Amino acid sequence: MANKLNITPLADRVIVKPAPAEEKTKGGIIIPDTAKEKPQKGTVVAAGPGKKDEPTTVKPGDTVLYGKYAGTEISFDGEDYLIMRESDILAIVPE
Amino acid sequence: MANKLNITPLADRVIVKPAPAEEKTKGGIIIPDTAKEKPQKGTVVAAGPGKKDEPTTVKPGDTVLYGKYAGTEISFDGEDYLIMRESDILAIVPE
Amino acid sequence: MANKLNITPLADRVIVKPAPAEEKTKGGIIIPDTAKEKPQKGTVVAAGPGKKDEPTTVKPGDTVLYGKYAGTEISFDGEDYLIMRESDILAIVPE
Amino acid sequence: MANKLNITPLADRVIVKPAPAEEKTKGGIIIPDTAKEKPQKGTVVAAGPGKKDEPTTVKPGDTVLYGKYAGTEISFDGEDYLIMRESDILAIVPE
Amino acid sequence: MANKLNITPLADRVIVKPAPAEEKTKGGIIIPDTAKEKPQKGTVVAAGPGKKDEPTTVKPGDTVLYGKYAGTEISFDGEDYLIMRESDILAIVPE
Amino acid sequence: MANKLNITPLADRVIVKPAPAEEKTKGGIIIPDTAKEKPQKGTVVAAGPGKKDEPTTVKPGDTVLYGKYAGTEISFDGEDYLIMRESDILAIVPE
Amino acid sequence: MANKLNITPLADRVIVKPAPAEEKTKGGIIIPDTAKEKPQKGTVVAAGPGKKDEPTTVKPGDTVLYGKYAGTEISFDGEDYLIMRESDILAIVPE
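Protein chains in written order, with this note's numbering: chain E, 126 to 220; chain G, 126 to 220; chain A, 126 to 220; chain S, 126 to 220; chain V, 126 to 220; chain R, 126 to 220; chain L, 126 to 220.
Don't read these hints as lab results, they were simulated from the structure.
Predicted, not measured: the structure shown is a model, and the values here were computed from it.
Note that CB positions come from ideal geometry on N, CA and C, so glycine has one too.
Don't take every hint at face value.
To be verified - Heads up, incomplete: computed chain E residues facing chain V, CB under 7 angstroms, no partners named: (1) Pro164; (2) Glu179; (3) Thr182; (4) Ala195; (5) Leu207; (6) Leu215; (7) Ile217; (8) Val218; (9) Pro219.
Claimed, not checked - Simulated pairs of lysine-lysine, BS3-like, Cα-Cα distance not exceeding 27 angstroms: (10) V:Lys193 - L:Lys193; (11) A:Lys176 - S:Lys176; (12) A:Lys177 - E:Lys176; (13) E:Lys184 - V:Lys176; (14) A:Lys184 - S:Lys184; (15) E:Lys184 - V:Lys193; (16) A:Lys193 - A:Lys176; (17) R:Lys176 - S:Lys177; (18) S:Lys184 - G:Lys176; (19) V:Lys177 - L:Lys193; (20) L:Lys184 - R:Lys184; (21) G:Lys177 - A:Lys184; (22) A:Lys193 - G:Lys176; (23) R:Lys177 - E:Lys177; (24) L:Lys193 - R:Lys177; (25) E:Lys193 - E:Lys176; (26) V:Lys176 - L:Lys193; (27) L:Lys177 - R:Lys176; (28) V:Lys176 - E:Lys177; (29) E:Lys176 - G:Lys193; (30) V:Lys193 - V:Lys176; (31) G:Lys176 - G:Lys193; (32) E:Lys193 - V:Lys193; (33) S:Lys176 - R:Lys184; (34) E:Lys193 - G:Lys193.
To be verified - Computed beta-carbon distance windows for the label pairs: (35) R:Pro180 - V:Ser200: 48 to 56 angstroms; (36) G:Glu220 - A:Asp205: 53 to 61 angstroms; (37) G:Pro174 - E:Asp205: 32 to 40 angstroms; (38) V:Asn131 - E:Pro180: 19 to 27 angstroms; (39) E:Asp205 - A:Pro174: 44 to 52 angstroms; (40) L:Gly186 - G:Asp178: 39 to 47 angstroms.
Hey, can you work out the whole structure from these sequences and the hints?
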């Protein structure tokens with residue numbers, strides 16, 4: 126359902142559905158509990174076209190790690206999303 | 126009526142008619158009430174040509190989300206508008 | 126008379142004759158009274174050639190909105206003017 | 126005599142002979158008395174070649190307005206001059 | 126095992142497995158004990174493609190020195206990693 | 126003797142032999158006594174090749190004015206020199 | 126022995142073996158004792174390839190002056206080195 130989000134981010138902005146706070150993912154990544162400013166995980170639901178000569182790399186469906194304080198909250202149909210710049214995304218991880 | 130606004134923004138500036146403070150839009154986007162600095166919604170009524178080699182993306186009629194403190198207020202014929210840079214606009218959303 | 130001002134602004138500088146503090150213009154724009162840092166209106170009387178690869182957009186005779194604290198005051202033949210960068214100008218408005 | 130100043134400014138630097146503190150110029154420009162940081166007037170006596178791909182615009186003999194705190198003082202044969210960057214110069218004015 | 130880490134860093138980001146706190150490496154490098162902000166050693170396990178026109182230099186398997194406070198911690202299958210920008214890496218050293 | 130200084134400045138760095146504190150030069154330049162941060166005079170003894178696409182302008186033997194706090198002191202054979210960036214040099218003056 | 130250091134600095138980083146604190150070099154350069162932040166002397170033992178379109182200028186074996194607080198300490202086989210950016214190096218001096 127997340128992929129049907131009808132929003133077009135501008136430039137290098139990306140909309141991410143934050144993952145529920147499960148401690149362990151399928152791929153086995155554990156986000157350590159004590160670190161402050163540890164990265165968060167989520168799924169890309171929409172990505173802008175990128176900046177001049179720098180198309181965005183992530184695409185809808187990618188599971189990504191992003192900085193804890195990255196982005197701005199919006200909500201849609203009762204779901205919470207974050208809208209952030211692609212440069213706030215650290216890595217694409219296995220689902 | 127908003128589209129008839131006879132102002133030509135310079136460079137990458139965009140004039141936005143802020144949406145009335147309805148809690149739920151047609152498309153179902155709810156702007157959460159408690160978040161500080163949450164994005165606002167509005168309709169583009171005029172857009173400048175853009176900066177060198179970077180034409181503006183939004184066009185009059187687009188419904189957009191923008192940062193809470195983006196832009197400067199102006200009023201015209203009794204209506205309030207905001208004039209902001211396109212980089213203050215986060216995304217184009219369904220009306 | 127303003128157009129006869131014999132000054133050549135350098136680079137992207139523009140000389141503006143501030144409009145008298147009338148509350149309502151022909152086109153109906155009202156500059157709201159309570160906002161702090163609201164834009165001001167004036168008429169371009171001279172514009173520099175622009176910066177490298179970025180010619181200026183405004184031309185003498187244009188009515189423009191500019192930030193409240195934009196520019197530096199000069200006076201000529203008893204008239205007050207502001208000299209500012211074109212980037213301090215927000216939009217061209219109907220006279 | 127000012128034009129005979131035998132100094133070669135580097136890059137975009139310009140040497141200006143400040144005008145005596147006459148309140149009214151031939152062209153009628155009055156530098157207002159109460160404004161703080163109001164521009165000053167002077168005559169260009171030497172100009173550097175400019176920066177890469179940006180040759181200087183002003184030339185010796187030009188009467189110019191410049192920011193009040195622009196430049197650094199030097200003196201030569203008992204005369205005081207200012208050496209400043211061309212970007213500190215606001216406009217070329219009638220003598 | 127480190128090389129099997131299934132993460133794709135974005136842009137110029139690099140994932141490093143910090144070396145255990147052994148005082149002396151095979152190559153004989155000793156990280157001095159008293160210096161504050163001394164570099165740390167680790168092994169690259171994944172590297173992004175680099176930034177526009179600047180591909181990353183390090184590759185998985187490289188032993189690298191990096192600034193003490195570089196990067197953000199993540200953990201995977203019980204192992205701790207750092208995700209940092211390539212510019213946080215000082216040098217490639219013998220294993 | 127100054128020209129025999131066997132140092133190769135890197136990039137846009139220039140080595141200057143400060144002039145003795147004589148109050149009046151041959152060309153008649155007097156560095157005013159009361160101004161703070163007034164420019165200093167000296168002779169270029171070595172100049173780097175310049176930065177990418179920006180070769181240095183000054184050459185050994187040039188008498189130059191430079192900002193009072195420009196550069197870093199080094200000494201060689203009992204003589205004091207300053208090593209500074211070319212952008213710290215204001216102008217080439219008559220000897 | 127210094128040249129055998131098996132480290133590959135990244136980008137524009139350079140590894141320098143600081144000279145022992147001898148007051149006078151063969152070439153006669155004396156680093157003044159009282160100046161604060163005076164430059165230091167050392168020998169380049171390894172240099173990175175440089176940044177995009179800006180290859181490094183110094184090469185192993187060069188004796189260089191560098192800012193007092195430049196670089197980060199590392200040690201190898203009981204010897205101390207500094208790893209710094211080439212822009213921290215002021216000049217190449219006679220050995």
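Each hint tested on the structure:
1. Annotation: proline 164 of chain E was flagged as interfacial toward chain V, and the flag holds, the nearest CB pair being 6 angstroms apart, inside 7 angstroms.
2. Satisfaction of the interface hint for glutamate 179 of chain E is found here, the shortest Cβ-Cβ separation to chain V being roughly 6 angstroms, below the 7 angstroms cut-off.
3. The beta carbon of threonine 182 of chain E is positioned within 7 angstroms of a beta carbon in chain V (closest approach about 6 angstroms), and the interface hint is therefore held.
4. Proximity of alanine 195 of chain E to chain V is violated relative to the hint, the smallest CB-CB distance being about 11 angstroms (cut-off 7 angstroms).
5. Against a cut-off of 7 angstroms between C-beta atoms, the interface hint on leucine 207 of chain E is violated, since the closest Cβ of chain V lies about 16 angstroms away.
6. Taken as an interface hint, leucine 215 of chain E checks out: its beta carbon lies about 5 angstroms from the nearest beta carbon of chain V, inside 7 angstroms.
7. Because the beta carbon of isoleucine 217 of chain E sits about 4 angstroms from the nearest beta carbon in chain V, less than 7 angstroms, this interface hint is met.
8. Here the hint on valine 218 of chain E is kept, as its CB sits about 5 angstroms from the closest CB of chain V, short of 7 angstroms.
9. Because the beta carbon of proline 219 of chain E sits about 5 angstroms from the nearest beta carbon in chain V, less than 7 angstroms, this interface hint is met.
10. Between lysine 193 of chain V and lysine 193 of chain L the CA atoms are separated by roughly 21 angstroms; this keeps the pair inside 27 angstroms, and the hint holds.
11. Proposed proximity of lysine 176 of chain A and lysine 176 of chain S is supported: the alpha carbons are some 13 angstroms apart, at most 27 angstroms.
12. For a cut-off of 27 angstroms, the pair hint linking lysine 177 of chain A to lysine 176 of chain E stands: about 22 angstroms separates their Cα positions.
13. At most 27 angstroms may separate the alpha-carbon atoms for a hinted pair to count; lysine 184 of chain E and lysine 176 of chain V meet this at roughly 18 angstroms.
14. Simply put, lysine 184 of chain A and lysine 184 of chain S have alpha-carbon atoms about 24 angstroms apart, close enough for the 27 angstroms limit, and the pair holds.
15. For the hint pairing lysine 184 of chain E with lysine 193 of chain V, the CA-to-CA distance comes to about 33 angstroms; that exceeds 27 angstroms, so the pair is violated.
16. In summary, the hint linking lysine 193 of chain A to lysine 176 of chain A is supported, as the alpha carbons are separated by about 23 angstroms, within the 27 angstroms threshold.
17. Only pairs whose Cα atoms come within 27 angstroms are accepted, and lysine 176 of chain R paired with lysine 177 of chain S is accepted, the gap being roughly 11 angstroms.
18. A C-alpha spacing of about 31 angstroms is found between lysine 184 of chain S and lysine 176 of chain G, which places the hinted pair above 27 angstroms, so the restraint is violated.
19. Distance restraint check for lysine 177 of chain V and lysine 193 of chain L: the Cα-Cα separation of roughly 34 angstroms exceeds the 27 angstroms cut-off, and the hinted pair is therefore not satisfied.
20. For a cut-off of 27 angstroms, the pair hint linking lysine 184 of chain L to lysine 184 of chain R stands: about 25 angstroms separates their Cα positions.
21. Straight-line distance between C-alpha atoms of lysine 177 of chain G and lysine 184 of chain A comes to about 18 angstroms, which keeps the hinted pair within the 27 angstroms bound.
22. Proposed proximity of lysine 193 of chain A and lysine 176 of chain G is supported: the alpha carbons are some 23 angstroms apart, at most 27 angstroms.
23. Taking the CA atoms of lysine 177 of chain R and lysine 177 of chain E, the gap is about 25 angstroms. The hint holds against a cut of 27 angstroms.
24. A C-alpha spacing of about 26 angstroms is found between lysine 193 of chain L and lysine 177 of chain R, which places the hinted pair at or below 27 angstroms, so the restraint holds.
25. Restraint check: the Cα-Cα separation between lysine 193 of chain E and lysine 176 of chain E comes to about 23 angstroms, which is no more than 27 angstroms; the hinted pair holds.
26. Only pairs whose Cα atoms come within 27 angstroms are accepted, and lysine 176 of chain V paired with lysine 193 of chain L is rejected, the gap being roughly 32 angstroms.
27. This hinted pair checks out: lysine 177 of chain L and lysine 176 of chain R have alpha carbons roughly 13 angstroms apart, not beyond 27 angstroms.
28. Restraint check for lysine 176 of chain V and lysine 177 of chain E: satisfied, since their Cα atoms lie roughly 13 angstroms apart, inside the 27 angstroms limit.
29. Proximity of lysine 176 of chain E to lysine 193 of chain G is assessed by CA-CA distance (about 23 angstroms); at most 27 angstroms being required, the pair is judged to hold.
30. Proposed proximity of lysine 193 of chain V and lysine 176 of chain V is supported: the alpha carbons are some 23 angstroms apart, at most 27 angstroms.
31. A threshold of 27 angstroms between alpha carbons decides the hint, and for lysine 176 of chain G with lysine 193 of chain G the separation of about 23 angstroms falls inside it, so the pair holds.
32. Taking the CA atoms of lysine 193 of chain E and lysine 193 of chain V, the gap is about 21 angstroms. The hint holds against a cut of 27 angstroms.
33. The suggested pairing of lysine 176 of chain S with lysine 184 of chain R holds, with an alpha-carbon distance near 18 angstroms, which does not exceed 27 angstroms.
34. Of the pairs offered as hints, the one joining lysine 193 of chain E and lysine 193 of chain G holds, with about 21 angstroms between alpha carbons and a cut-off of 27 angstroms not exceeded.
35. With their beta carbons about 52 angstroms apart, proline 180 of chain R and serine 200 of chain V fall inside the hinted range of 48 to 56 angstroms.
36. One distance hint, 53 to 61 angstroms for the beta-carbon pair glutamate 220 of chain G and aspartate 205 of chain A, is violated here, with the actual separation near 46 angstroms.
37. Separated by about 36 angstroms at the C-beta atoms, proline 174 of chain G and aspartate 205 of chain E satisfy the suggested range of 32 to 40 angstroms.
38. Range check, asparagine 131 of chain V to proline 180 of chain E: Cβ separation about 24 angstroms, and the 19 to 27 angstroms hint holds.
39. Range check, aspartate 205 of chain E to proline 174 of chain A: about 51 angstroms between beta-carbon atoms, so the 44 to 52 angstroms window is met.
40. For the pair glycine 186 of chain L and aspartate 178 of chain G, the beta carbons lie near 45 angstroms from each other, so the given range of 39 to 47 angstroms is met.
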